[in-house]
Amino acid sequence: MSLQEESETPEIESGETELEALLDDLIVDRDDHMNAPAFVIRPDTVQETLGRLKEEAGYDHLSLVTAEEYPDRFESIYHLKKFDDPTDEVSIVVPTDSENPVSESAEPVFRTADWHEREAYDLVGIEYDDHPDLRRILLPETWQGHPMGLDYDQDRPQMVPLRENANPLQEDQRAESDSDTMFVNIGPHHPATHGVLHLETTLDGEQVVDVEPDIGYLHRNEEQMAQNGTYRHQIMPYPDRWDYISAGLLNEWAYARAAEDLADIEVPEYAQIIRTMGAELCRIAAHMLAVGTFALDIYGDFTAIFMYAIRDREEVQNILEDLTGQRLMFNYFRLGGVVWDLPEPREEFFESIREFVDGLPDRLEEYHDLITGNEILQMRTVGTGILPEEVAKNYGATGPVARGSGIDYDIRRDDPYGYYDELDWEVPVEDGCDNFSRLLVRLREVEESAKIIEQCVDLLEDWPEDERNIQANVPRTLRPEDDKEIYRTVEGAKGELGVYIRSDGTEKPGRFKIRSPCFSNLQTLPEMSNGEYIPDMIAALGSLDIVLGEVDR
Amino acid sequence: MILQTESPLPDLLADLLGLSGSGVAGEFVAALLAAFIVGNVMLAMTGVAGPWAKRKITAKFTDRIAADRIGPAGIGTIPADALRLLSKELIVPEGADRPAWDIAPLIVAGSAMLGFAVIPMGSGIQLADPEVGLAYVFAVASIASLGMVMAGYASNNKYSMLGALRAVAQNLAYEIPLVVTGVSVVLFTGSLRMSEIVAAQQETLISVGGLAIPSWFAIVNPFAFVLFLAANVAEVGRNPFDIPEAPTEIVAGFQTEYSSVYFVLLYLGEFLHIFLGGAITAVLFLGGAAGPGPESIGFLWFVVKIWAFFLLTQWLRSAAPRLRIDQLIEIGWKGMLELSFLNLVLTAVIVGMVA
Amino acid sequence: MNPWIAIGALAVVSVGIPVAMMAVSSLLRPSVPEQGKSAVYESGEIPTGTTRIRFNIQYYMVALLFVVFDIETVLIFPWTVIYRPALEGGASMTEVLAPMLVFIGVLVVGLVWAWRQGAVQWVSSPRALEEKTEANQ
Numbered sequence: 006m007s008l009q010e011e012s013e014t015p016e017i018e019s020g021e022t023e024l025e026a027l028l029d030d031l032i033v034d035r036d037d038h039m040n041a042p043a044f045v046i047r048p049d050t051v052q053e054t055l056g057r058l059k060e061e062a063g064y065d066h067l068s069l070v071t072a073e074e075y076p077d078r079f080e081s082i083y084h085l086k087k088f089d090d091p092t093d094e095v096s097i098v099v100p101t102d103s104e105n106p107v108s109e110s111a112e113p114v115f116r117t118a119d120w121h122e123r124e125a126y127d128l129v130g131i132e133y134d135d136h137p138d139l140r141r142i143l144l145p146e147t148w149q150g151h152p153m154g155l156d157y158d159q160d161r162p163q164m165v166p167l168r169e170n171a172n173p174l175q176e177d178q179r180a181e182s183d184s185d186t187m188f189v190n191i192g193p194h195h196p197a198t199h200g201v202l203h204l205e206t207t208l209d210g211e212q213v214v215d216v217e218p219d220i221g222y223l224h225r226n227e228e229q230m231a232q233n234g235t236y237r238h239q240i241m242p243y244p245d246r247w248d249y250i251s252a253g254l255l256n257e258w259a260y261a262r263a264a265e266d267l268a269d270i271e272v273p274e275y276a277q278i279i280r281t282m283g284a285e286l287c288r289i290a291a292h293m294l295a296v297g298t299f300a301l302d303i304y305g306d307f308t309a310i311f312m313y314a315i316r317d318r319e320e321v322q323n324i325l326e327d328l329t330g331q332r333l334m335f336n337y338f339r340l341g342g343v344v345w346d347l348p349e350p351r352e353e354f355f356e357s358i359r360e361f362v363d364g365l366p367d368r369l370e371e372y373h374d375l376i377t378g379n380e381i382l383q384m385r386t387v388g389t390g391i392l393p394e395e396v397a398k399n400y401g402a403t404g405p406v407a408r409g410s411g412i413d414y415d416i417r418r419d420d421p422y423g424y425y426d427e428l429d430w431e432v433p434v435e436d437g438c439d440n441f442s443r444l445l446v447r448l449r450e451v452e453e454s455a456k457i458i459e460q461c462v463d464l465l466e467d468w469p470e471d472e473r474n475i476q477a478n479v480p481r482t483l484r485p486e487d488d489k490e491i492y493r494t495v496e497g498a499k500g501e502l503g504v505y506i507r508s509d510g511t512e513k514p515g516r517f518k519i520r521s522p523c524f525s526n527l528q529t530l531p532e533m534s535n536g537e538y539i540p541d542m543i544a545a546l547g548s549l550d551i552v553l554g555e556v557d558r
Numbered sequence: 024m025i026l027q028t029e030s031p032l033p034d035l036l037a038d039l040l041g042l043s044g045s046g047v048a049g050e051f052v053a054a055l056l057a058a059f060i061v062g063n064v065m066l067a068m069t070g071v072a073g074p075w076a077k078r079k080i081t082a083k084f085t086d087r088i089a090a091d092r093i094g095p096a097g098i099g100t101i102p103a104d105a106l107r108l109l110s111k112e113l114i115v116p117e118g119a120d121r122p123a124w125d126i127a128p129l130i131v132a133g134s135a136m137l138g139f140a141v142i143p144m145g146s147g148i149q150l151a152d153p154e155v156g157l158a159y160v161f162a163v164a165s166i167a168s169l170g171m172v173m174a175g176y177a178s179n180n181k182y183s184m185l186g187a188l189r190a191v192a193q194n195l196a197y198e199i200p201l202v203v204t205g206v207s208v209v210l211f212t213g214s215l216r217m218s219e220i221v222a223a224q225q226e227t228l229i230s231v232g233g234l235a236i237p238s239w240f241a242i243v244n245p246f247a248f249v250l251f252l253a254a255n256v257a258e259v260g261r262n263p264f265d266i267p268e269a270p271t272e273i274v275a276g277f278q279t280e281y282s283s284v285y286f287v288l289l290y291l292g293e294f295l296h297i298f299l300g301g302a303i304t305a306v307l308f309l310g311g312a313a314g315p316g317p318e319s320i321g322f323l324w325f326v327v328k329i330w331a332f333f334l335l336t337q338w339l340r341s342a343a344p345r346l347r348i349d350q351l352i353e354i355g356w357k358g359m360l361e362l363s364f365l366n367l368v369l370t371a372v373i374v375g376m377v378a
Numbered sequence: 003m004n005p006w007i008a009i010g011a012l013a014v015v016s017v018g019i020p021v022a023m024m025a026v027s028s029l030l031r032p033s034v035p036e037q038g039k040s041a042v043y044e045s046g047e048i049p050t051g052t053t054r055i056r057f058n059i060q061y062y063m064v065a066l067l068f069v070v071f072d073i074e075t076v077l078i079f080p081w082t083v084i085y086r087p088a089l090e091g092g093a094s095m096t097e098v099l100a101p102m103l104v105f106i107g108v109l110v111v112g113l114v115w116a117w118r119q120g121a122v123q124w125v126s127s128p129r130a131l132e133e134k135t136e137a138n139q
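Protein chains in written order, with my numbering: chain A, 6 to 558; chain B, 24 to 378; chain C, 3 to 139.
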């Protein structure tokens, strides 16, 4: 990893001077991160700064907003990237004083900042001026205190009453003759919300006039849990619990990548190949479930497709179980490699993978016959749940959702890690922007993942026995030097999964922040389903493929 | 051959029990007895279908085993489930429109059962054979949507309300194509009487190598058969037309708030409805109870045919996506309605040529 | 025997069996009234507002058309019954078929008119369409 960084350094530097020139009057200070230059600005110039970076410098992707309280100040960090080139990053640091933590909102520039800033307000306590709707997002509205603030009292009793939700359009009855709107709660206990999601839906007849996702039912503050664990071993189990739909290895990689770059650990090539293979197996398993549950939403509860998808996912899980010893919570990655080598006898293991991969084209053919080739399904999904490309970018949508909207963006290819850049595969992109495109992208990604796995197996088979180095030498206790900051992303099953770590000189992270792709993707739901019929909203939700464990963290 | 009477089964019973001479009262007792037999036969069939066959069939489609704990092949699930469902607590939702909420399950279950009155089930099992049999059965079968609307509206639940309104919309979409396609059969028979519709299908259409192909209307007019099947699946509210229930959208639609015996009745009504749909299809297009072998086993053939229709609905449930309600309206009015009129005129022309 | 006696008997049975089931069930089932249980189900949230509102029936025009067409369908019934006997009785095809063709023709013209008026479809809610993203782009 560090090799790559070095080769890219000159480019970044030439960009930096341009950025400095662009933001000349706004920059107060520099506070560079390991992954990107970072400029400190005043809290009342956030919109101006981000606006310039977006319009003039082309930083069109607000990947993450990190907030933190220091003894002397609050700080919001805006991690910006380009959809065309995610390695071209810049961070904007906005300190506010601790007495009156008010900062200008970035929402008018990047729509995605809406939820990210609400989360910052909720957990850390920074207030954002000019924010359209600054309410708590993960915690109940009646919660007292901000759990990630420094003076938060963990023992304080909290009262969370169950109250009636309000219809936002209650007063919007223009004329006497107009019909009423109907407010319906869809979820948290509903067959189609894929977990505990609550959609506050306002209907006019069968059509959705307004929908607002209400999240946080599965919030565990994984960030704080990670902050209480040591780098070396205690954090790695947590990522398995973010996107728990068998995408575990992909999540672990997000932490591994950030922490390895932070502590400057080189991963042996052999371990990288195993990681790549395992991660792609996870991707297949995750996409199988996504396709299966999407079919549930469109077909009804007893569709055969769901069972078929689960059957195929089961085979992947068998392989993953052989590899990691676990079916869901793998905990297989270690900083500097993986925990153990491929299972013995290796031939048998390779044989089982090959068998699965060779059988996959026929199965995918079957899925295409059953799903994408079905005319009723096409009637239902083509042209519904439209997410135009610009809107998707504005919301920071990534993964299959972005690729279904014609955004050619895949971290595996654009910001390579692991062994991806050595392998031959493609990034499927569809420009239909609708539910059907997102479904198609997932099915085609399964194909590509199978290609990657096949190549990995070829490589692993021929790997000389005495060079099978599965872990680098990592010190027993990792203590990255004080105040190093890094933000690294990987391509998770649902999109760009990132981890921001600030070290504080101890063996535990000072700040651990997760960029959840589902969190940003779910934010686009109103854009996709406002004005559509209820069934199409359900389909759009299914096509987003959210996992609430990752949305709520 | 079918008895030359307008109410075959009750007359048979009256003769057997010696009630034929005892006036209207005796006739009514015989009729009640016959009705009880017919009602329980259908109930038994839904009893098998609902808790057991449905699960087994879906399991076959999805490579599973399903019920196998109690009795051979899990058949003991049927009494166990019946007892379980009947002994559940009845929970009345707040603000329910009481008499309507209670009557709705009766209407849904009762109307479907009432449809079987005129169905000739073979082996002489037919309760009544009035001159307007076909019109009667269509009329009775569509009463069920009234029950659904009552159930949905009276539940005071938003999902139920949406389901009820969808049930109405669905009814609007398929009812006319269904009836118009159904009466195209009458052009051949010249009678609405069910026994005559069946009788008209017994003649041999053509003989292929000694194998006599009967003139079942499904063979004579396959176009009408397909059209009728599609409309019929919509009538019984199964995939791809299970829009009023649509579990992933509106939880359980009109039946969301029902529990205990009321839920059983709604469920039962739906299954009875599927079988009634199968029975109408069998009578109109598949030669009723006709089949190889002696006439006395006609009932078996009839059961085979209605179960075939049941199988079709379960197959569709495993394989067909659900339509959206506005799409159903458009398909109904901009496609099926025109096709059913076209079918009517074409059938009339063909009958005119042949006759 | 009059078939309607038999049908009436089945009507009694088809009400009787469900009522009997209700009776059996009321003997078997427990009753543990609790305030939370009887709340209307809205995915676990407390229901907002009432269900009895002026709901936007988006298929209102279709329903009106349905009334018309349903009655026409009833009028087709007698024709289908006499059609074949009339032909066999010696009437020419034009005599029996032509009037019905005219009748269906009128219906179809009416349907085409309604179709072109946009009445034979779900009426989109303007309030909802305003919220559509792609419309506002």
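To be clear, the hints were calculated from the coordinates, so they are not data collected in a lab.
There's no promise every hint is true.
[To be verified] Below, simulated DSS-like cross-link-like pairs (lysine-lysine); rule was C-alpha separation at most 27 Å, straight line:
(1) A:Lys87 <-> A:Lys59
(2) C:Lys134 <-> A:Lys59
(3) A:Lys513 <-> A:Lys87
(4) B:Lys111 <-> B:Lys79
(5) C:Lys134 <-> B:Lys111
(6) A:Lys513 <-> A:Lys489
(message) I'd like to know which numbered hints this structure contradicts. Please list them from smallest to largest.
(response) 3, 5
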